[in-house]
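These protein sequence lines map, in sequence, to chains A and B. Just so we're aligned, residue 1 is where the first sequence starts under the numbering used here, counting upward by one. Just so we're aligned, residue 1001 is where the second sequence starts under the numbering used here, counting upward by one.
Rather than coming from a laboratory, the hints here were simulated on the basis of the structure. Be aware that one or more of the hints could be misleading.
Result set (DMTMM-like, lysine to aspartate or glutamate): computed pairs, CA atoms no more than 25 Å apart in a straight line [as the list claims (entries may be wrong)]: (1) A:Lys47 x A:Glu172; (2) A:Lys113 x B:Asp1309; (3) A:Lys85 x B:Asp1066; (4) A:Lys113 x B:Asp1243.
Sample of chain B residues with no beta-carbon within 10 Å of chain A, all distances over it, derived [stated by the list, open to error]: (5) Ala1116; (6) Asp1162; (7) Ser1230; (8) Lys1294.
Which stretches of chain B does chain A cover? Using the computed rule of at least three CB atoms under 8 Å from a CB of chain A, they are [said to hold, decoys possible]: (9) 1034-1044; (10) 1319-1327.
Treat the numbers as computed from the prediction; the structure is a model and nothing was measured. For glycine and all other residues, C-beta sits at the position ideal for the given N, C-alpha and C.
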Amino acid sequence: MKRTLTMMMVMAVIAMMSLAASAGTISGKVSGVSGESVVYVDAIAGKTFPAPTAKPVIDQKGLVFQPHIVVVEQGTTVEFLNSDKVAHNVFWPSVGGNKKLTHNLGTWPQGEKRPFKFDNAGAVPLLCNVHPEMAGYVVVSPTPYFALTDKSGEYKIENVPDGSYTVTAWHEGAKNQSKPVAVAGDSKADFTLSK
Amino acid sequence: MDMRHPVSLFVVFVLTIILLAGSSYAIPAFSRQYGTSCSTCHVDFPKLNDFGKAFKDAGFKFPKGDEDFIKVPPLMLGAPAQKDMWPHVIFPGTIPGMPQIGLRYNQFFQYTSGNANNYYQPSGAPGTPLSPTIPRTDFEAGLFSIFMAGNFGSDIAFWVDDDISVSGLNANGALGDGYLRFGNIGRFLKLPTDALALRVGQFELDLPFTQARSINISTYDIYTQANIGSSSQNVNNQFSMADAVQGVEFSGGHQYGGYHYSLAVVNQNTGGGTVSSATNVSSPGGFFSDSNYKDIYGRFSYRFNLEKDPASRHDVQAAGATGPRDHTYLNLGTFFFKGRSVQRFNGLTSGGAADVLTAREPFYRFGGDFSFNYRTFNLFGLYMYGHDQDLLLNSGFTGFVSGTPAKFNGGFLEADYLALPWLMAILRYDHVQSTADFLNQADSGNYYSPVGTTRDRVTPGVQFLIHANIKASFEYQFRPQQALTYDANGKALNPFRTNTATGALEFVY
Chain A
1 MKRTLTMMMV
11 MAVIAMMSLA
21 ASAGTISGKV
31 SGVSGESVVY
41 VDAIAGKTFP
51 APTAKPVIDQ
61 KGLVFQPHIV
71 VVEQGTTVEF
81 LNSDKVAHNV
91 FWPSVGGNKK
101 LTHNLGTWPQ
111 GEKRPFKFDN
121 AGAVPLLCNV
131 HPEMAGYVVV
141 SPTPYFALTD
151 KSGEYKIENV
161 PDGSYTVTAW
171 HEGAKNQSKP
181 VAVAGDSKAD
191 FTLSK
Chain B
1001 MDMRHPVSLF
1011 VVFVLTIILL
1021 AGSSYAIPAF
1031 SRQYGTSCST
1041 CHVDFPKLND
1051 FGKAFKDAGF
1061 KFPKGDEDFI
1071 KVPPLMLGAP
1081 AQKDMWPHVI
1091 FPGTIPGMPQ
1101 IGLRYNQFFQ
1111 YTSGNANNYY
1121 QPSGAPGTPL
1131 SPTIPRTDFE
1141 AGLFSIFMAG
1151 NFGSDIAFWV
1161 DDDISVSGLN
1171 ANGALGDGYL
1181 RFGNIGRFLK
1191 LPTDALALRV
1201 GQFELDLPFT
1211 QARSINISTY
1221 DIYTQANIGS
1231 SSQNVNNQFS
1241 MADAVQGVEF
1251 SGGHQYGGYH
1261 YSLAVVNQNT
1271 GGGTVSSATN
1281 VSSPGGFFSD
1291 SNYKDIYGRF
1301 SYRFNLEKDP
1311 ASRHDVQAAG
1321 ATGPRDHTYL
1331 NLGTFFFKGR
1341 SVQRFNGLTS
1351 GGAADVLTAR
1361 EPFYRFGGDF
1371 SFNYRTFNLF
1381 GLYMYGHDQD
1391 LLLNSGFTGF
1401 VSGTPAKFNG
1411 GFLEADYLAL
1421 PWLMAILRYD
1431 HVQSTADFLN
1441 QADSGNYYSP
1451 VGTTRDRVTP
1461 GVQFLIHANI
1471 KASFEYQFRP
1481 QQALTYDANG
1491 KALNPFRTNT
1501 ATGALEFVY
C-alpha cells in the first residue's frame, strides 16, 4: 500500500511538471507606433474555447470611452455604461473590417448599461453619434491568449500551450501584422507596425 | 433738397451689404474647451439643436455636471472658500482656462439674372454717366469676424463678436453683440430656477428666429424692413428688427421647452432724416437722433412638447436609436416693440423765429410666430405688422399735426430638412407689403427690391457641411418679374427679374 501511494505521488509530480513545461509564454514588443497595441493568438484549427463569464465594462465618461481599448475573448459579453449627465450612443460600423456586422446599441441616459455579446472576432471601432469625436475599441480575440501592450509596446501572453500558432498585432489606425510563432516554453515575437 | 432718397440709398446699401455678407456664428472655442464636436450643439451651424439651446440658456455651460466635461479647467480668481469671507474679499469667480476665441471667414459667388441691367436704363441727355453694370457673375469677399464667449462662474456669461473686416475692407466692421448675462438671478428672490436672468450690453433682440445666427445666406426681408414714409409723410424710421440694440434685458424660462419670456429696455436706434423740400429747414438743418427716450421690446413663447418617447420626453433631447434628435414640438410665440422715432427740426419758423422742433413719432411692431419640429424637419414662420405714427409740421412750423400713419406687414415661412447629418435642404418664402416702399421705389436704388407694394421672394437652398466647421451654402432667390416703368396701357417696359443665385463658403476655427 505504501509503495502504491509513493508511485502515485511520483506520477502526479511528473504529470504536473509535464503540464508546466507545455504552458509557455509569448512576449515581445510592438514598435513603429506609439501607445497601446493588442497582440493575440489567432484562431486555432479544431479548437474551441468556452465563453468567459466575466463581463467587462466600458464607460462613457467626460465624453470619452473609458478604457479606450478593451481586449476580450470571442463570446464575451461587454457592458456599456453611460456615466455622463448627457445621453450617449454606442454603435460600430464594422467588426474586423466586415461592414455587415455593423450594429447600433441605441442611445441611453446616465446610469444605464447595455450589454452586447461579441461572437465575431476582430477589432470593433466604437463610436457615439451624439458626440462624433468619441472613439474606443473592443478587440475581440478568437482565443483566450491575448495581451494589451503597455505604452512602450511591451507585452506578454502567458499560459499558451506549446505549439505552433499565428500571432497578430493590432494597433489603432495601423495595418495588422501576423506572423507564425512556435511556442515551446518562453517564445519571442516582435512586431513593427505601420499606418 | 429732399434728403429722403439719399437716406434710403444709404439704408439699402447697408441692407445690401448685410444681404451679401450675412452674419452667423458658431463657437469653436467651446469645442476646444470641452473637447467635443460642433455637432454637439449645432444642426448645420450656427443653427442650435436643443442641447445647444440648453447650453446657451445655462450661460454657455453644460446644463448638468459642467465640470465633468471641461477638458481645460477654468482658472480660479479666488479659492471657493473665499465666499465665506465675503464681503471682506472679492467674491471668487473664474475665467476660462484658455482664451475663448473663435474666428470666422466667408466668401461668396453671386450670379444674377440675364436681364438684370434693365434696372439701369439710360436716362438724361447723351453723355450722362450711367450707373455701373450689374455683373452676371461676381466673386465677393465676405466677412472676417472674431468672437468670444464663455462664462465667469457664478452663472455670469459673456459674449463679444466683432467684424474685423467686411467685404474685404479693413476695419469696416462693427461690434455685433457684446454683453454680460447674469443667469438665474431669480434665486435671490426665491423664484424658480432660471425664472429670471439679466443681460446688459449690446445684443440682438430676443427674436423668435435669430437673424445674427441664421443659417441662411440672405437675411429675412421682414427683419431688415425699415419704415421710410412716402413723400407725403414725415416718417423716416430706420429701425429694423435685425439691428443690434443697447440696453438691458430681463428674461426667463427656456428656449428648449416650456415658457420663455424676455423684456428689454433699449436705446432708440432711429436715425434722423429730413422732411420734404416744402419745409423751411435751413443750414445746418437736418435732423439728429434723440435718445432721451427708451424703447421696449417684449417676447413671450411657449413650447409644447409633443414627444411620444416617454424615456426621453423630459430630457433635453430625445434619445433615438441612432442618436439624439430634437423633440417633436410646437412652439408658439408673440412679440412686440414699442418706441419713438425721433427727428429734430432745426431752422426758422415761417415767422422768422429760430426754432427747434422735435418730432417723436411713436411706432410699434408686433407679430406672432410658430415653429414645428418633427425629427429632422423644422417648419417655422413669423408674421409682423409695423406701424409708425406720422407727425407733419403744421402750417406755421411751430408744431406737428398727425398725418396718415406709415404701415407695413409681412413675414416669412421656412422649412429646414436635415436630409443627412451633413446635408440641409431649405425652402423659404419671404413677403413684405409696404405702400411707402412702392411710392419710394423708383429712386430707391435697391436692385434687390425695386418695385411694388408687395415684395415676394421664394428661396430654395442647400447646405453641405464639408467638415463640422466648414460649410458650403447655395441659395437661389426667385422674385417676380418687375419693371421700373410702364406704358399708357400698363404694360411693363424693359421688365426684368432680380433673381439671384448665391454660393457661400465659410469656415470657423
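Taking the hints in turn, this is what the structure says about them:
As the CA atoms of Lys47 (chain A) and Glu172 (chain A) are separated by approximately 28 Å, the hinted pair breaks the 25 Å bound. A threshold of 25 Å between alpha carbons decides the hint, and for Lys113 (chain A) with Asp1309 (chain B) the separation of about 19 Å falls inside it, so the pair holds. Using a Cα cut-off of 25 Å, the hinted pair Lys85 (chain A) and Asp1066 (chain B) holds, with the two alpha carbons roughly 9 Å apart. Restraint check: the Cα-Cα separation between Lys113 (chain A) and Asp1243 (chain B) comes to about 49 Å, which exceeds 25 Å; the hinted pair is violated.
For Ala1116 (chain B), the requirement that its beta carbon stay farther than 10 Å from each beta carbon of chain A is met, with the minimum near 43 Å. The beta carbon of Asp1162 (chain B) is kept farther than 10 Å from every beta carbon of chain A, the shortest such distance being approximately 29 Å. Every CB of chain A is more than 10 Å from the CB of Ser1230 (chain B) (nearest about 54 Å), matching its label as outside the interface. With a closest Cβ-Cβ approach of about 41 Å to chain A, Lys1294 (chain B) is found to remain outside the 10 Å limit, as its non-interface label requires.
By the rule of at least three residues with a Cβ nearer than 8 Å to a Cβ of chain A, the coverage given for the segment 1034-1044 of chain B holds, with 6 such residues. With 6 residues bearing a CB less than 8 Å from a CB of chain A, the segment 1319-1327 of chain B meets the requirement of three and the coverage assertion stands.
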